[in-house]
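Undergrad: Line by line, the protein sequences give chains B and F.
For the first sequence, numbering that gives the first Met the number 0 begins at 0 and goes up steadily by one.
For the second sequence, numbering that gives the first Met the number 0 begins at 0 and goes up steadily by one.
In short, the hints are calculated from the structure, not lab data.
Bear in mind the structure is a predicted one, so any value in this text is a computation, not a measurement.
Treat each hint with caution, since some may be false.
It does not matter which identical chain is used: a pair holds within one copy or between any two.
Claimed, not checked - Think about it this way: if two alpha-carbon atoms lie no more than 25 Å apart in a straight line, the pair counts; the simulated DMTMM-like pairs of lysine to aspartate or glutamate are:
hint	residue 1	residue 2
1	LYS30	ASP357
2	LYS88	ASP133
3	LYS8	ASP101
4	LYS229	ASP208
5	LYS388	ASP445
2 protein chains.
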Amino acid sequence: MTEKPSIPKGTRDFTPVEVVRRDFILDTIRKVFTRYGYLPIETPAMENLSTLLGKYGEEGDRLIYKILNSGDFLSGISRDELTHDSAAKLSFRVCEKGLRYDLTVPFARFVVQHRNELVFPFKRYQIQPVWRADRPQKGRYREFYQCDVDVIGSGSLLNEIELIQITDEIFRDLAIKIVMKINNRKILNGIAETIGESQRMMEITIAIDKMDKIGPDLVNRELAGKGVSKSAIDKLQPILFLEGDSEHKISELQKILSQSKIGTKGVEEIYGIFNYLNTLSTHSPVELDLTLARGLDYYTGAIIEVLTAQVEMGSIAGGGRYDDLTGIFGLPGVSGVGISFGADRIYDVLSQTNGFPDDSESSMTLMFANFGEKEEKHCLTLLEKIRKKGIRAELFPDPVKLKKQLAYANARNIHYVALAGESEITGNYITLKDMVSGEQWQVKLDELIRKVSGA
Amino acid sequence: MTEKPSIPKGTRDFTPVEVVRRDFILDTIRKVFTRYGYLPIETPAMENLSTLLGKYGEEGDRLIYKILNSGDFLSGISRDELTHDSAAKLSFRVCEKGLRYDLTVPFARFVVQHRNELVFPFKRYQIQPVWRADRPQKGRYREFYQCDVDVIGSGSLLNEIELIQITDEIFRDLAIKIVMKINNRKILNGIAETIGESQRMMEITIAIDKMDKIGPDLVNRELAGKGVSKSAIDKLQPILFLEGDSEHKISELQKILSQSKIGTKGVEEIYGIFNYLNTLSTHSPVELDLTLARGLDYYTGAIIEVLTAQVEMGSIAGGGRYDDLTGIFGLPGVSGVGISFGADRIYDVLSQTNGFPDDSESSMTLMFANFGEKEEKHCLTLLEKIRKKGIRAELFPDPVKLKKQLAYANARNIHYVALAGESEITGNYITLKDMVSGEQWQVKLDELIRKVSGA
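Start from the sequences and build out the full structure, keeping to the hints where you can.
TA: So this is what it looks like as C-alpha cells:
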C-alpha cells in the first residue's frame with residue numbers, strides 16, 4: 000500500500016530552519032518573562048469539554064476540536080436521537096474531551112484546582128500550542144502557539160506597568176518597532192453610562208472606532224441605526240472629537256465622565272499608568288486609544304493591544320485586566336491581568352523584515368570527511384576531544400566520494416570540513432578547509448580547535 | 000454556575016517546579032543532539048488518520064485519539080449503519096484526524112513529504128508530546144513527551160556508534176548510571192533459521208529471555224508448548240548456555256550461526272559496533288543481550304535498550320535500525336536508525352534519586368518590598384538598572400504589611416529582599432536582606448548588584 004502523505008489543512012510541519020527561528024522568538028519571550036519573576040506552568044492538550052464549553056461564546060464552542068470517546072461512543076444514545084440535524088448537539092455526547100482552545104481558560108482552571116499549592120500573587124507564564132477548527136487562511140492556522148503571561152491575585156496597577164515593561168523589552172529584544180494602544184473597559188462603560196446608553200457599550204465603541212475612516216456623519220447615522228437615542232448621540236460628540244496626546248485626552252475625559260463613578264475610576268486607572276510610565280525608560284510609545292475594546296467579555300479594566308507599523312498585520316500581542324475569570328470555576332473575586340503574545344504573527348513580521356538572526360548559529364560547525372574504516376576510528380577519537388570543547392561536529396557516515404561529502408557539507412551550511420586521510424595520519428596533522436572563504440590549512444588538533452571555535 | 004474543575008484521567012498539569020525540572024531533562028537531551036549535528040523538526044499534533052492507522056497494530060489503532068469531524072459528522076452515514084455494535088468501525092468514518100501516537104510515523108511521513116527539501120543523510124531530532132488512549136497507571140500517562148533522534152539515508156554502522164555515544168553522553172550529563180543492552184534482529188532471525196524454526200523468532204526470543212528466571216528445563220518446556228520441534232530445541236541449547244562477556248559470546252555465535260547468511264550478517268554488525276566502541280571512551284557499559292527483541296515490527300538490524308540499575312523501572316530509552324520505514328509512504332529502500340528517550344521515565348528516575356539540580360536556579364533572585372506609591376517609583380527605576388544586569392528581580396505589587404511580603408518572598412524561595420523606604424531614599428542607600436543567612440546590609444546600588452549576582 001502506498002499513500003501520498005499529507006497533513007490536515009491548517010496545520011504545519013516545521014523544518015529545522017523554521018524550528019530554530021520559532022524557538023528564537025519563544026526563547027526571547029521566555030527570557031524576559033523569567034527576568035520579571037514569572038514562573039512557567041503547562042496544562043494538558045486535552046481538557047474536559049465541561050471546562051471549555053460556554054467560555055468562548057457560541058462560535059467558540061463550535062470551533063473547539065472534540066475528541067471522540069473511546070470504545071462504544073454511541074453508548075447511551077438511542078437510535079431515535081441519531082439524526083443528522085442533531086449532529087451539533089450529539090457531538091457533545093459522543094465526546095467528553097476537547098483540545099485546548101486558548102491558554103486563559105486552562106489557566107483559570109489551573110489556578111482554582113491548585114489554589115492551595117500556589118503563592119499569591121501568582122505570576123505565571125505559559126507557552127503552548129492551541130487548536131481551533133477555524134477556516135484556515137493566510138496567517139491563520141488551526142494549530143498555533145500562544146505565549147501568555149499573567150499575574151493573578153493582585154489588583155495593583157503595578158502589574159499593568161510590569162506587563163507594559165515586559166512587552167517593551169520583548170519587542171526591543173526582537174528588534175520590532177511597536178506601538179502599545181491602551182484603553183480601559185471602565186472608561187468605555189463610563190462613556191455609555193454618561194450618554195445614557197449603558198447597555199450599548201460595544202456598539203458605541205465600534206462606532207467610535209470608525210471615526211477615522213468614515214467621519215462623524217456616518218458614525219452618528221450608524222449609532223442612530225443601532226437605536227442609540229438622539230440625545231445620547233449629541234452627548235457623545237465631544238468624546239468623538241477628542242484630540243491631542245494621551246495626557247490631554249485623559250484630562251478632558253476626567254471632566255466629561257465626572258458624573259460616572261465607573262468612568263471616573265477608569266480615568267484614574269489610565270492616569271495612574273501614564274503617571275508611572277513617565278518615571279520609566281520604556282522605548283515604545285504607549286497611546287490611549289478610546290476605540291480599543293477587545294472582544295473578550297471577561298475584561299473589566301485596562302486593555303492593551305500591540306501593533307507594529309513595519310508590516311501590514313493585525314495586533315501581535317494583546318491583553319487586559321479581568322476581575323473574575325476564576326469565578327466560573329468556584330473561586331470568585333480574584334483579580335488578574337495578563338497579556339498574550341502571538342508567536343506566529345511575530346514570526347511573520349520577522350520573516351517579512353528579515354529580522355531573524357543569522358541561521359549559521361543553528362547549523363553545524365565542523366564535518367570530518369570519511370575515508371574508510373581505518374581513518375574513521377582516528378576521526379572518532381579526534382571528534383571526542385573536539386565535542387568536549389562544545390563544538391558542534393560530526394563525521395560523514397559513509398566513505399563515499401569526497402565530492403559528494405563536500406556537497407553535503409555545503410547543503411548543510413557546514414563552515415569547516417576536516418580531512419584526516421592516510422597522509423594526514425602519518426604526518427600527524429589535519430587538513431582544515433574553510434567552506435566559506437575557500438582557505439585551507441594543515442593544522443594540529445589544538446590549532447584546529449582554536450580556528451573552528453573562532454578564538 | 001460553579002463546577003469543580005478537573006482534567007482528563009491520565010493527563011497532568013505541570014506546576015512551575017515540574018516544568019523547570021522537565022525542561023532540565025529536555026534541554027540536556029537537546030544540547031547533546033545538537034552537538035552531534037542533529038537538526039530539530041516538529042510535526043502537527045493532528046495527523047490524518049490515514050497516516051496513522053495500520054502502523055501500530057490493531058491494539059495501536061484502538062489507542063489513537065480520534066478527532067470528531069466538524070459540522071455534521073454523521074454526513075454520509077445511513078441510519079441503518081448507526082448501531083452500537085459497529086461503533087469501532089464508525090469511529091473511522093466520523094473522524095478524519097487523530098492525535099500523534101508516536102514521533103516515528105510522523106517522521107517517516109515528514110521525510111517522504113519533504114524529501115526534495117532535505118539533505119541526506121538527514122539527521123533529525125524531535126521533542127514533542129504524544130497521546131495514547133491507554134489505561135492510565137503508575138508511570139504511564141495519556142499525554143507524554145518523546146525525544147527522538149534518527150539518521151535516515153545511511154546504512155553505515157557509524158550511525159549506531161554515534162547513537163551509542165549520544166546516549167552515553169546524555170545520561171552522563173543527567174548523572175544517571177545506565178547499561179546499554181544491544182542486540183541485532185538479524186541474529187534473532189539467524190538463530191531461528193539455524194534451528195529450523197524461521198517463523199518462530201519472537202517466541203524463541205521470549206523463551207530465551209526467561210532463562211535467568213525459570214531455568215533451562217522450563218524454558219524448553221515452554222518452547223515445546225509453543226510447537227517448537229524437539230530437534231530445534233536441542234539445537235538451541237548451546238545458545239541458551241552462552242556465557243561470558245560480549246566478545247566471547249560474539250565469537251561463539253559466529254560459529255553457531257555460520258550456516259545462516261542473515262545470522263552471520265547480524266554477528267558481523269554487532270562485532271563492528273564493539274570494534275568501534277573499543278577505540279572510544281564511552282563511560283556506560285554496552286552489553287550484548289540475546290534476549291532483547293523489542294516489540295516493533297519495523298526493526299531490521301541493531302536494537303538498543305537503556306536500563307538503569309538505580310531505580311526499579313523499565314527501559315528509559317530504546318531504538319534500533321529499520322530498513323524500510325518510509326516505504327509505506329512511497330519511498331522504499333531508505334535505511335535509518337534511531338533512538339527514543341522517555342522524558343517521563345527519566346523524570347521519575349531523577350525524582351527518586353534526588354538527581355535534579357538545585358531548584359534555586361529557577362527561582363527569583365531579588366524582591367523589592369512595597370512601601371507605597373512614592374517608594375514604588377523609586378524602586379521601579381532601580382529595578383530597571385538591576386534587570387539590565389540580567390538579574391531576576393521584582394517589586395511586590397501591593398503596599399501590604401511587610402510581614403506578608405516577606406512571607407511571600409519566603410514561599411517563593413526568593414534569595415534577597417531589598418527595602419527602599421523613606422529613610423533609605425533620604426539616606427541614598429538600600430537595605431538588603433539575605434533571606435537564607437538572615438544577614439542584612441546597607442548598600443549602594445552597585446554594591447547590591449555585586450552581592451546579588453554573587454560576584
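Undergrad: Does each hint hold? Answer for all of them.
TA: Okay, the hints, checked on the actual structure:
no.: 1; hint: LYS30 to ASP357; verdict: both (20 Å within a copy, 19 Å between copies)
no.: 2; hint: LYS88 to ASP133; verdict: within (19 Å within a copy, 27 Å between copies)
no.: 3; hint: LYS8 to ASP101; verdict: both (20 Å within a copy, 20 Å between copies)
no.: 4; hint: LYS229 to ASP208; verdict: within (19 Å within a copy, 88 Å between copies)
no.: 5; hint: LYS388 to ASP445; verdict: within (11 Å within a copy, 34 Å between copies)
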